[in-house]
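K.L.:
With the sequences and hints as input, model every part of the structure.
Each chain, written out:
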Amino acid sequence: MDIVVCVKQIPDPADPGELDPETKTLKRDMKLIMDESDSYGVEMALQLRDAAGEGEVTLVSMAPNEEVNGLRSALAMGADKAILVSDEALAGTDALGTARVLAAAIGRAQADLILAATESSDGYTGTVPEQVAELLGLPSVTFAKEIQADGGEVLVKRQTEAGYDEVRCPLPAVVSVTAGVVEPRYPSFKGIMAAKSKPMDQVGIADLGVSPDQVGWAGGGQEITDVSPAPEREAGEIITDEGDAHERIVALLEELRIV
Amino acid sequence: MGTIWVYAEASGGQVASISLELLARARELADTVEAVVGGEGEPVAAELGAHGATTVHATGDLGNGLAGPAVASAIAAAIEGGTAPDAVLFGTTYDGRDVAGRLSVKLGVPVITNIVELDQTDGSLVGTEPVFGGTVNVSTRFNGTGVGLFLVRPKSFTAEESGGGPAAVSALPVPDLGATGAARVVDRFAEESTGPKLDEAGVVVSGGRGLGEAEKYSMIEDLAKLLGGAAGASRAIVDAGWVPYSHQVGQTGKVVKPDVYVACGISGATQHMVGMKGSKNIIAINKDAEAPIFGIADLGVVGDVHKVVPKLIEALQARS
Chain R
0 MDIVVCVKQI PDPADPGELD PETKTLKRDM KLIMDESDSY GVEMALQLRD AAGEGEVTLV
60 SMAPNEEVNG LRSALAMGAD KAILVSDEAL AGTDALGTAR VLAAAIGRAQ ADLILAATES
120 SDGYTGTVPE QVAELLGLPS VTFAKEIQAD GGEVLVKRQT EAGYDEVRCP LPAVVSVTAG
180 VVEPRYPSFK GIMAAKSKPM DQVGIADLGV SPDQVGWAGG GQEITDVSPA PEREAGEIIT
240 DEGDAHERIV ALLEELRIV
Chain D
0 MGTIWVYAEA SGGQVASISL ELLARARELA DTVEAVVGGE GEPVAAELGA HGATTVHATG
60 DLGNGLAGPA VASAIAAAIE GGTAPDAVLF GTTYDGRDVA GRLSVKLGVP VITNIVELDQ
120 TDGSLVGTEP VFGGTVNVST RFNGTGVGLF LVRPKSFTAE ESGGGPAAVS ALPVPDLGAT
180 GAARVVDRFA EESTGPKLDE AGVVVSGGRG LGEAEKYSMI EDLAKLLGGA AGASRAIVDA
240 GWVPYSHQVG QTGKVVKPDV YVACGISGAT QHMVGMKGSK NIIAINKDAE APIFGIADLG
300 VVGDVHKVVP KLIEALQARS
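As you go down the protein sequences, you meet chains R and D in turn. Taking numbering that gives the first Met the number 0, the leading residue of the first sequence gets 0, the next gets one more, and so forth. Taking numbering that gives the first Met the number 0, the leading residue of the second sequence gets 0, the next gets one more, and so forth.
Any given hint might turn out to be false.
[Stated by the list, open to error] If the Cβ cut is set under 8 Å, some of the chain R residues that face chain D in the computed set are:
(1) P169
(2) P211
(3) V258
By construction, these hints were calculated from the structure, which means they are not laboratory data. Positions of the beta carbon are idealized from the N, C-alpha and C atoms, including for glycine.
P.N.:
Here it is as structure tokens:
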């Protein structure tokens, strides 16, 4: 089974950075790491590939600056190769533009299954997997908590408000994976060494037939009009527990008529 | 503004609160508000009408197909056919995001996402999205041509009846979906849940990494139950597999605005705060006095959750 996993490289969430006052978008000029949200899709892809006993896991990512650090992490986990779309024209690209680029890159990979996280940890739009599916003319199942391959189909447990639906979907298809549903493996030392020599195909948007006016700042159709600090919530009383803090909490709950 | 469509979701003949919230705000912004339903229109026409929708564009029963491709194709076909609204509003829900994403490609317009405020400036809609854990607001205007698409977070607006009569039901045919409509729901499972829903509960008790291990989450559930509330979780422990995603409070996950929010062993990552800082009262228990959660807590207890929470449970049990 050949699987593509969409991987986003983001600034370390422990150091979330700031907005560029000029462009009003997130600064991404630091070293980037693999979005943790994507590690679940990578793990699922590796499990499906290994269960099938054949096929390859290909990572697809885009960046304005040739960043490969996050992709190396996923290759070290066991993915077979990566396609990085790197182009200066991609700076400022929104979700729809991102989906156009990813869809074009995925189109070169000939995958049976395309996996992505439900949303990235820095942008949170949560629309890219469906947009990629629509651009490729494929069916999709979002918010998967489990994926089972079954011949030319996948059987997916999809989260719902009430619980989950079991969805049967013919391949090729796009499936978005909810964080936390599998335990992503840690790369072994051998994996880390091997990752360095795995194929990393770097392409520009021209190679994919994507026109510059469909991506970047111009491709958006949206304009940031204002960036302002939100009204701050005041901190209240802070106490240190001396063994009786629960009494203070009960008193507050009484005051609020909760108990 | 002329016309706004609201993608209305319903289950068991009852319209979701997020859809009613969207209708309330749409009424303040547009002359005409209409609803789009992926399913039969008749069962929900009265409730949608009472909340201000004059027409329900209904696809009819979708059978075991998914809403995303079907509703998006139906809306796109209607727009191509000449019935174009100025904007379509969606809730940030499982299906809302699917429909908005697909429709965005069909119409070639962006989706403006994670909106918590929606206003009109110079005839175009401007959505405001909180970033960095809600410390900064970013406002974005749709300046493309065509229909503006907005994904709005639950609890951003207050649902309110308009006193309108039942909405007229109009057919919104679903075109042939080809391969995109090939996914089929073969079974539906409802998870056992007792007590109020996380996003509707008056009290929410959440646990985080400070619990130390998965087994300790049971005390969060016990405390929530004693307070007649719902149990929530930080992303960290959901990602770690301790509790299911349905419990997650935050940017990724549910937005909650209960009367009382009790954060146990949660440091207050930006991603968590944005999902709960609208709570009326916040109680935080954390052993790290520097934890960001204390910056927004009405009552902050610097202490060990493993000591404070069991004593709190005991004290509450002694009362009942």
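K.L.:
Next, verify each hint and record whether it holds.
P.N.:
A quick look at each hint next to the structure:
1. P169: Since chain D brings a Cβ to about 5 Å from R:P169, closer than 8 Å, the hint holds.
2. P211: 16 Å, violated
3. V258: Nearest chain D Cβ about 6 Å off; hint holds.
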